[in-house]
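If you read the sequence shown in our numbering, its first letter stands for residue 3, the second for the next number, and so on.
These are computed hints drawn from the structure, not numbers from a lab.
Hints may be right or wrong, so weigh each one.
[Unchecked claim] Using C-beta positions, here's what the derived DEER-type ranges look like:
hint: 1; residue 1: V52; residue 2: P109; range: 17 to 27 Å
hint: 2; residue 1: R18; residue 2: T134; range: 29 to 39 Å
hint: 3; residue 1: S68; residue 2: T124; range: 18 to 28 Å
hint: 4; residue 1: G201; residue 2: G46; range: 45 to 55 Å
hint: 5; residue 1: V123; residue 2: R23; range: 29 to 39 Å
hint: 6; residue 1: G46; residue 2: G150; range: 25 to 35 Å
hint: 7; residue 1: L160; residue 2: T55; range: 51 to 61 Å
hint: 8; residue 1: R184; residue 2: A21; range: 31 to 41 Å
hint: 9; residue 1: L60; residue 2: D96; range: 17 to 27 Å
hint: 10; residue 1: E76; residue 2: T55; range: 33 to 43 Å
hint: 11; residue 1: P94; residue 2: V187; range: 20 to 30 Å
hint: 12; residue 1: A195; residue 2: R51; range: 20 to 30 Å
hint: 13; residue 1: T124; residue 2: P94; range: 42 to 52 Å
hint: 14; residue 1: R51; residue 2: D96; range: 35 to 45 Å
[Unchecked claim] Cut-off 16 Å, straight-line C-alpha distance, at most; resulting in silico cross-link-like pairs (EDC-like, lysine to aspartate or glutamate):
hint: 15; residue 1: K66; residue 2: E126
hint: 16; residue 1: K66; residue 2: E33
hint: 17; residue 1: K139; residue 2: E163
hint: 18; residue 1: K75; residue 2: E135
All residues carry an ideal CB built from backbone N, CA and C; glycine is no exception.
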Amino acid sequence: MLYGTSMDRAMERGTRRGAERRAEIVRSALEVIAERGYRGATLGAVAERVGLTQQGLLHYFPTKESLLIAVLKERDQWDTGSARRDGGDVWPLDLLTSLVEYNAMRPGIVQTFSALLGESVTDEHPARGFFTERYEKVRADMAATLRGEFGDRLPGGLTPEAAAPLVVAVMDGLQFQWLHDRDAVDMPALFRAFVSLLGQGDEEAEG
Numbered sequence: 003m004l005y006g007t008s009m010d011r012a013m014e015r016g017t018r019r020g021a022e023r024r025a026e027i028v029r030s031a032l033e034v035i036a037e038r039g040y041r042g043a044t045l046g047a048v049a050e051r052v053g054l055t056q057q058g059l060l061h062y063f064p065t066k067e068s069l070l071i072a073v074l075k076e077r078d079q080w081d082t083g084s085a086r087r088d089g090g091d092v093w094p095l096d097l098l099t100s101l102v103e104y105n106a107m108r109p110g111i112v113q114t115f116s117a118l119l120g121e122s123v124t125d126e127h128p129a130r131g132f133f134t135e136r137y138e139k140v141r142a143d144m145a146a147t148l149r150g151e152f153g154d155r156l157p158g159g160l161t162p163e164a165a166a167p168l169v170v171a172v173m174d175g176l177q178f179q180w181l182h183d184r185d186a187v188d189m190p191a192l193f194r195a196f197v198s199l200l201g202q203g204d205e206e207a208e209g
């Protein structure tokens, strides 16, 4: 019985160390991709940064594509790890504003995401499917957020489904502009201004 317990503990320690190592590799891959872009980032460069041989890295991620998807999922996990309304699947609108503020404090991650997003529009890019599915889900989540905030119509008359892609476009577009000139583009302030516009009706906007 004691032998079995010792073996279990050893396995748990091994699993924990493996998970920590994987997390370290993903963080290093984020850095390398931010510096060189996906196409310029090699498994060898990532392995060197974490003190592994390329063969050793392949033990954790057998292909460059599998590492890329792990990087993207990790980035999204950091975002969705924040509290949501009632513990459910709907983001409160004010939490989206907080997320933009949070992103402004981690330019390396934003740069990596934006670089991969730009590269993924090509048909052969390994992240194209990931981003296609991600945007489908993000638009649905954003529509649910807007419906929870405004009901079936925003004050300006748009449905949540019609407005959702616009909100996503503003969030991603601000990130690109901010990366080019952080002094000129106050990303959190501009997104707050955009959110305030969503709450204005036709008469209020004209006034």
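Going down the list of hints, with the structure as the test:
no., hint, result
1, V52 <-> P109: 17 to 27 Å, "holds (22 Å)"
2, R18 <-> T134: 29 to 39 Å, "holds (34 Å)"
3, S68 <-> T124: 18 to 28 Å, "holds (19 Å)"
4, G201 <-> G46: 45 to 55 Å, "holds (51 Å)"
5, V123 <-> R23: 29 to 39 Å, "holds (33 Å)"
6, G46 <-> G150: 25 to 35 Å, "violated (47 Å)"
7, L160 <-> T55: 51 to 61 Å, "holds (54 Å)"
8, R184 <-> A21: 31 to 41 Å, "holds (34 Å)"
9, L60 <-> D96: 17 to 27 Å, "violated (44 Å)"
10, E76 <-> T55: 33 to 43 Å, "violated (23 Å)"
11, P94 <-> V187: 20 to 30 Å, "holds (25 Å)"
12, A195 <-> R51: 20 to 30 Å, "violated (39 Å)"
13, T124 <-> P94: 42 to 52 Å, "violated (35 Å)"
14, R51 <-> D96: 35 to 45 Å, "holds (37 Å)"
15, K66 <-> E126, "holds (14 Å)"
16, K66 <-> E33, "holds (15 Å)"
17, K139 <-> E163, "holds (12 Å)"
18, K75 <-> E135, "holds (12 Å)"
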